[in-house]
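K.L.:
Residue numbers (our numbering), protein chains in the order written: chain A, -17 to 205; chain B, 904 to 1195; chain C, 3 to 388.
Just so you know, the hints here were simulated from the structure itself, not pulled from any lab data. By construction, the Cβ of each residue, glycine as well, lies at the ideal position given by its N, Cα and C atoms. Please note that a few of the clues may not be correct.
[Stated by the list, open to error] Stretch by stretch, here's where chain C covers chain B in the computed footprint (C-beta under 8 Å, at least three residues):
no. : region
1   : 963 to 977
2   : 1012 to 1024
[Unchecked claim] No more than 25 Å apart at the CA atoms, straight line, and that leaves these computed lysine-lysine pairs for DSS-like:
no. : chain 1 : residue 1 : chain 2 : residue 2
3   : A       : 89        : B       : 1176
4   : A       : 55        : B       : 929
5   : B       : 910       : A       : 55
6   : A       : 55        : B       : 1130
[Stated by the list, open to error] Quick list of the computed label-pair ranges, beta carbon to beta carbon:
no. : chain 1 : residue 1 : chain 2 : residue 2 : range
7   : A       : 7         : C       : 117       : 48 to 58 Å
8   : B       : 1069      : A       : 1         : 32 to 42 Å
9   : A       : 87        : B       : 1168      : 29 to 39 Å
10  : C       : 325       : A       : 9         : 12 to 22 Å
11  : B       : 1177      : C       : 369       : 52 to 62 Å
12  : C       : 329       : B       : 1082      : 53 to 63 Å
Here is what each chain is made of, one letter per residue.
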Amino acid sequence: MKSCTPYCITTGPAGLLPPAAACCGIVLPEKGQGLVEGRLVSEEAALEVMAQELLSRKNPTIFPGPLVLWAWKEGVSEKAASVLELAEEIPGVRIIPMPDYRPIYPKIDPEAVINPCHPNLTIWYNKIEVCVFVGVHCHFANITLRMIRAGTNCYTITLCHSAGHEDSMASLPFCDVEQVRALTEAVRRLKRQGLRPRHGDACGIQLTHAQQAVEAGLVWRPA
Amino acid sequence: MALKTLKVAPGFMRFMPKEYQDLVEKGPFGRQIKLSELGTFKEVLEEHPMCEGCAMALFIRLSLIGLPNPEHTIIVGTAGCGRLALAQAAIPFVYGNYCDTNGVASGIKRGLAIRFPEQDKDVVVMAGDGGIADIGFSQVMHAWFRKEKFTTVMLDNEVYGNTGGQESGMTCRGTVVKMAPTGKQFEKIDMIGLAQNAGVSYIARLTPTNPGRVVSTIRKAVLVARKIGPAYVQAYTSCNIEYSIPPDRVLDDARQVEKERYGYLEIMTDEAKSYLAQVEAETRTPEAVATV
Amino acid sequence: MIKTEKQRVVTPEYLFFEAPRTRSYITGSEAANEAVRRGNVDIAIAYPITPQSETMQQVGELYAEGYLRDYYRAEDEVGAFAAMSGASRTGVRCLTASSGPGLMRGLETVASWPGHRLPLVFLIMCRVINAPLSIQPDNLELGYMLLTGNVVLHAENQQDFFDYTLAGFVISEKCEVTLPVAVAVDGFFVTHARGWVEMPSADLKLPARECYSEAVPMIDNENPPIRIARDAPIQKSNFISYQMHAAWQQEIQAALERSRQWITRYLGGLIEVVNPGAETMLIASGSAVSQSREAVRQAEEAGKEVGLIKIKSLRPFPGEELRQACAHAKRIIVPEFNCIGWLNREVRSTLYGWVDAEIADGPRVCGGITMPTEMILEWVFEGKPL
Chain A
-17 MKSCTPYCIT TGPAGLLPPA AACCGIVLPE KGQGLVEGRL VSEEAALEVM AQELLSRKNP
43 TIFPGPLVLW AWKEGVSEKA ASVLELAEEI PGVRIIPMPD YRPIYPKIDP EAVINPCHPN
103 LTIWYNKIEV CVFVGVHCHF ANITLRMIRA GTNCYTITLC HSAGHEDSMA SLPFCDVEQV
163 RALTEAVRRL KRQGLRPRHG DACGIQLTHA QQAVEAGLVW RPA
Chain B
904 MALKTLKVAP GFMRFMPKEY QDLVEKGPFG RQIKLSELGT FKEVLEEHPM CEGCAMALFI
964 RLSLIGLPNP EHTIIVGTAG CGRLALAQAA IPFVYGNYCD TNGVASGIKR GLAIRFPEQD
1024 KDVVVMAGDG GIADIGFSQV MHAWFRKEKF TTVMLDNEVY GNTGGQESGM TCRGTVVKMA
1084 PTGKQFEKID MIGLAQNAGV SYIARLTPTN PGRVVSTIRK AVLVARKIGP AYVQAYTSCN
1144 IEYSIPPDRV LDDARQVEKE RYGYLEIMTD EAKSYLAQVE AETRTPEAVA TV
Chain C
3 MIKTEKQRVV TPEYLFFEAP RTRSYITGSE AANEAVRRGN VDIAIAYPIT PQSETMQQVG
63 ELYAEGYLRD YYRAEDEVGA FAAMSGASRT GVRCLTASSG PGLMRGLETV ASWPGHRLPL
123 VFLIMCRVIN APLSIQPDNL ELGYMLLTGN VVLHAENQQD FFDYTLAGFV ISEKCEVTLP
183 VAVAVDGFFV THARGWVEMP SADLKLPARE CYSEAVPMID NENPPIRIAR DAPIQKSNFI
243 SYQMHAAWQQ EIQAALERSR QWITRYLGGL IEVVNPGAET MLIASGSAVS QSREAVRQAE
303 EAGKEVGLIK IKSLRPFPGE ELRQACAHAK RIIVPEFNCI GWLNREVRST LYGWVDAEIA
363 DGPRVCGGIT MPTEMILEWV FEGKPL
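Bound-form chain A, shown alone (with noise of 0.2 Å):
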């Protein structure tokens, strides 16, 4: 008989065609539960590793999806406060939106976006160790995941508005604004605990050179 061993999401990079971890056994969380590196946590527990993850490792990015980045509905404009305010908490924190999922021509600005199509040209461009995937339709961001784990080392979070992702490092189910601010708690409990943040003290979100610059009203050509 044979028997099978538990399978672990951990960061990559996993290799060529990591299995997607639905088909590993790996099962979504309830509402109230999270899921850590492929394991069923309570939603405490998974806020806790989050934080852990987000102030220890290199340039943390918030990816905001479509769901967040577009005010379409109401309690749109309350999420996104809610992960404005998270990414305040993070020092040395960046956005970097993925406002649709077209494959983009000719090729995308890893400053300005993060694609669908070719997420780790962002992930490897911008060395991120650590992200926070929220607001971007379940779909696109299983693909998404799936191939930052295969070809990266960055450690992937989901704040899922629906029932979470199994390929992300960490995942909440179900996340609204309530668990988003929890996100935000535990960062602030650990830094008062006395975790030190990869990048520092300094709180405040830093634009990327793309944004910098059409902030300031220059053209920008990407690398």
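Starting from the structure of chain A, add chains B and C where the hints point.
P.N.:
Positioned in the frame of chain A, the structure of chains B and C alone reads:
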């Protein structure tokens, strides 16, 4: 209203790429734009991977300016050159299977009519001569027979450009192209005549030589499809690669073809004519002019 | 007032498990139609073909009565399935159906639905697909369906056809699934034969589709992003394009995996086991299950205990369940209604290396022939060559 999908959530604008900032601030959404304004607004299609000098790219660009309500428009395409540009446009684009554009468009139009009975939603099929007159022929004809209320635009480059230059049903008789080694053996399919027989409400044939006419033709087609019945626009959009037309001579070729066999043609039902006249009259009222 | 507006919306759990049911003696086609009546379906499009037409023409009557919001007879199956692709993208609840050659004609589209992440229910009333032309029952076409990425449920009888169809809408539209659900039955044996079906009141219906809670954006210009090349033409020839396509294909398999929990919740599991301790196990799906049930009964009369595993879900396939249910088996027999033995292949590849049992290569019937229980018993008692 769909413009809510163009409103950036508070605090995020500074992180958005420049092209999105421009689309939000200077896009053609929610207002009627004119060709003469070109250069003063952010177009829904700018960068695309079409070949240098491509007439199809020009036609698509102009067509998108002609859409009366891009914020309520969905474009359906299929395999072929056109979708390379259409996938980059700031308009939802559905890229389906081979042959299925007009079936998919039928489903989209009907689905949207169920969900949004009070809001006009425009569906525009933009596909090549192969997609419309060959592999998609059955679905095109049946959508017309059913009087589905959407626009079908044939980007007619008279060849399978994207697969490397094979004969299509719209290739002219006698032309030697791939898969027609001794020249095409039969006439170019008369899709205009077929559209007439099928009872299409608005039919037009044109080339991209006159940008204003492209814009107004597309606008009329979409408006008729919205309220009256199916619309069909057949545009000569040469493949300068397969027909060896130098990029800087593409419009010369279009003028020549237009003169010889592709002259501007507009056929519409009385109902469509009367509706367009009504729309025209309404847009000329002092109130409407003030808002344009 | 149109009739659908008079129906009361209830939760799927109430409709499936709690609402009082009454019995009716109806055909499989009528059972499917009754499921559609309670399914809060927005649009149904199909092209006629025997034996599917019985159902879809009745669904047309439902439309005329006001239970559906739109309905039409398409030009052919490719047109019908394409229109489903369009309608499902806009967020309405969709239904289509076909049989044998019709399914094969539209297979390109059917195989594209999962990649496009299109929730809908696709009824398959199986029929011979190979030449010479025949309208008789035979489920060879399901061998092709197994490769498409659709959830594929195989109903045994009229009751299943009702229950699976209704559950199919709900499973299909779950965010983590967002896939088409095909509900198959063997033509004529189920579609045109009567059986007892227990159904909740026709005054009840499922909640409407919640399209903004699914895995992909809707094509309606009312939800972001404004640029939705949802069906990304990934045709650049570089590694990252290949990788994206690979990850996309994996996602379909992952979504199928995620449907297990919902199939388990709404259909009571992916399999049903009769006589779990028997050394000889029959494994079957569809009408072959009914014949196998009777064979099990007759074998018992003859003094031999025979087990039966009914496979309800062909995709996702109940691999782990089969391994557990067959762990003790000494002999496995797979009765099928097709000449190729697609279920036998599935069983063999699933159990290879996991069980010590001999797996018999049959029995099979095809071309419209039913499977007499004597045929199954021959394999049970006489041990046909393995």
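K.L.:
Hints first: check each against the structure and report whether it holds.
P.N.:
Comparing the hints with the structure gives:
Coverage of a stretch by a chain is defined here by at least three residues with a beta carbon nearer than 8 Å to that chain's beta carbons; for the region 963 to 977 of chain B and chain C the count is 4, and the condition holds. Look at the region 1012 to 1024 of chain B against chain C: 9 of its residues bring a Cβ nearer than 8 Å to a Cβ of that chain, three or more, so the hint holds. The straight-line distance between the Cα atoms of residue 89 (chain A) and residue 1176 (chain B) is roughly 45 Å, outside the 25 Å bound, and the hint therefore fails. Restraint check for residue 55 (chain A) and residue 929 (chain B): satisfied, since their Cα atoms lie roughly 22 Å apart, inside the 25 Å limit.
Straight-line distance between C-alpha atoms of residue 910 (chain B) and residue 55 (chain A) comes to about 10 Å, which keeps the hinted pair within the 25 Å bound. Restraint check for residue 55 (chain A) and residue 1130 (chain B): the C-alpha separation of about 29 Å exceeds 25 Å, so the hint is violated. For the pair residue 7 (chain A) and residue 117 (chain C), the supplied restraint of 48 to 58 Å is violated, since their beta-carbon distance comes to about 24 Å. Here the CB-CB span from residue 1069 (chain B) to residue 1 (chain A) is close to 40 Å, well matched to the stated 32 to 42 Å.
Between residue 87 (chain A) and residue 1168 (chain B), the C-beta spacing of about 34 Å keeps the proposed range 29 to 39 Å intact. Taking 12 to 22 Å as the suggested C-beta distance range, the pair residue 325 (chain C) and residue 9 (chain A) conforms, at roughly 18 Å. Distance hint check: the CB atoms of residue 1177 (chain B) and residue 369 (chain C) are about 59 Å apart, consistent with the given range 52 to 62 Å. At about 58 Å, the CB distance of residue 329 (chain C) to residue 1082 (chain B) agrees with the hint of 53 to 63 Å.
In summary, the numbered hints that this structure violates are 3, 6, 7.
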